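S.K.: Keeping the supplied structure of chain A fixed, place chain B upon it in accordance with the hints.
Line by line, the protein sequences give chains A and B. The first sequence: position 115 = 115 (this note's numbering), numbered continuously. The second sequence: position 265 = 265 (this note's numbering), numbered continuously.
Think of the hints as simulated: they come from the structure by calculation, not from any bench. Keep in mind that this is a model prediction, so the values were computed, not measured. There could be a bad hint or two in this list.
With a straight-line cut-off of 20 Å between C-alpha atoms, the simulated PhoX-like cross-links for lysine-lysine are [stated by the list, open to error]:
| id | chain 1 | residue 1 | chain 2 | residue 2 |
| --- | --- | --- | --- | --- |
| 1 | A | K24 | B | K103 |
| 2 | A | K271 | A | K309 |
| 3 | A | K103 | B | K24 |
There are 2 protein chains.
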Amino acid sequence: MIITMAHGSGGAATSELIDEIFAKAFDNDVLNEMEDSAVVPGSGRIAVTTDSFVVTPLEYPGGNIGRLAVCGTVNDLLMRGATPKYLTCGYIIQEGTDSEELKRIAQAMAETAREAGVTIVAGDTKVIEGGGGVMINTAGVGFVPEGVEISATRIASGDVILVSGNLGDHHATILGSRMNIQNSIQSDNAPLGEMVQALLEHQIPVHCLRDVTRGGLATVLKELSESSRVTITLDEEALPVAPAVRDFCGLLGLDPLYMGNEGKLIAAVPKAHAKEALELIRGAAYGEAAAIIGEVTEGVDGHGELLVKTAIGGLRQLDVLQGEGLPRIC
Amino acid sequence: MIITMAHGSGGAATSELIDEIFAKAFDNDVLNEMEDSAVVPGSGRIAVTTDSFVVTPLEYPGGNIGRLAVCGTVNDLLMRGATPKYLTCGYIIQEGTDSEELKRIAQAMAETAREAGVTIVAGDTKVIEGGGGVMINTAGVGFVPEGVEISATRIASGDVILVSGNLGDHHATILGSRMNIQNSIQSDNAPLGEMVQALLEHQIPVHCLRDVTRGGLATVLKELSESSRVTITLDEEALPVAPAVRDFCGLLGLDPLYMGNEGKLIAAVPKAHAKEALELIRGAAYGEAAAIIGEVTEGVDGHGELLVKTAIGGLRQLDVLQGEGLPRIC
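The shape of chain A in the complex, shown without the other chains (with noise of 0.2 Å):
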């Protein structure tokens, strides 16, 4: 198998990639269960993630690589029900970068993390040939309090699925800053600390929280139908989407479902408790656009399945992202 893009794309391929390569080689029961980060006994519990990042451009309307490289990791830790304390940082600079680029980036790195209450520990800075260009590593470390238990396994026929916010903007900023058009729409690259911690102080029963990044809505909720052998129904009317990124997907053919965010998570709690971890989100920073998108029903023979009903009645299944699907931005 010779590797290409659609091995990145966050769907299929990319299930594939690291089902043949990385899954069968490191086999073990922390890492097979595919969180969004890992929990291993310390003394307490601590949840440890990474993620590598590579966007271009470098800096966009809403943010750079570095906010994107915070904000990524510690929305995984999150994910868990993690308090997020500290990143580490791995640069790899192409020659040739500008340092005042750099001094941006890191900049933008520094103040995300105080945001997001994190505390950048350990680093390294390893400089390749090229023209210019900068891809980050971060890894994080975080500490679950005692008796949260958030996992994609969790999801159960009675909840419904929240998400907070509109969906798309990531990718569409992204695409945008590519192809050099002038509009209104900034990337949503946030870190969701203030509405994990009130869904948690406020004893919502949280089954699972997963940020929708690489492969979008669909592809995550599909997964996660998969992991907890649930069928999911959207409401395709119900799902957020700005005015300008509907237009912008509508005028190049994308399908907001399957774009990227970076500062986006859906819920899955008890529907008894919808209510008020809508307000919740609502309340939170970066969640005034949240809504209530579907519900969870019963898996068909042990199978995780996603459905959407359309805005004129029908009933149409959803599959994660297959190949690359729309243009790429990571």
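M.R.: Coordinates of chain B only, in the frame set by chain A:
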């Protein structure tokens, strides 16, 4: 400032890059210690570190980038006296990479992790454009036993400096591979847990441990002399270099003092414990060629200094690696 390959050398230019950009932006007490890994409070003391790995060729005599990526991070944890426990890995893969090569790399990573006693608990893959190639970031988490205080600032007058084996093997291997030279030189890439554990178990009051990687022994010891404000005087004749590497360096005009290793450490221990420490390291895996190579005396006017007594009786000052110094391997 435009970033050049020299900024990745591990020497003076790298220090400038880190000081000017990252240390300023991320400024905090833990990071400012600039140790091999950060020791942070959790419940207990947790060590955290990260390293990115770029090497051409990806596979070389004695190892590959997968083994390297485990050893580098595990060794950084060990250098604080921590017991390594968990690793994360982030793969950045160029399209065009053959999945068979990727399998061998992941397999070596898994085997080396088992050897080192760590579990790979989280991972990430990204695919970028290019013509085949892999970069790996690993981050590591370990736990520091109570009472262990090993740091770059604790080297004291009256200590001796030990090195755990021959210098320059990894660097010579990579250069030889690139030049298609057939010889017996193999990379020393190895996890150093057994020797560190032996020192700690036998209550050797180790003041400082540091693995000798990018920049070589001279850069590492010069930096440590500054952190601890001491004078370190090396005995040139005591420096262990394998005959094949000595010949290779002689032919190419390379200085083993500035060449990178991936399975060697230096230890600073009080003179009274030096002989026992040497025997313990020699008795552990990868320590058979260990040697006592120098002595520590007071710094002059609070400054650090690195000197070498040459074979013909002179005394020469050594500095950190400047500019590119010698053909780059990472």
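S.K.: Check each numbered hint from earlier against the structure, then list the numbers of those it violates in ascending order.
M.R.: Violated: none.
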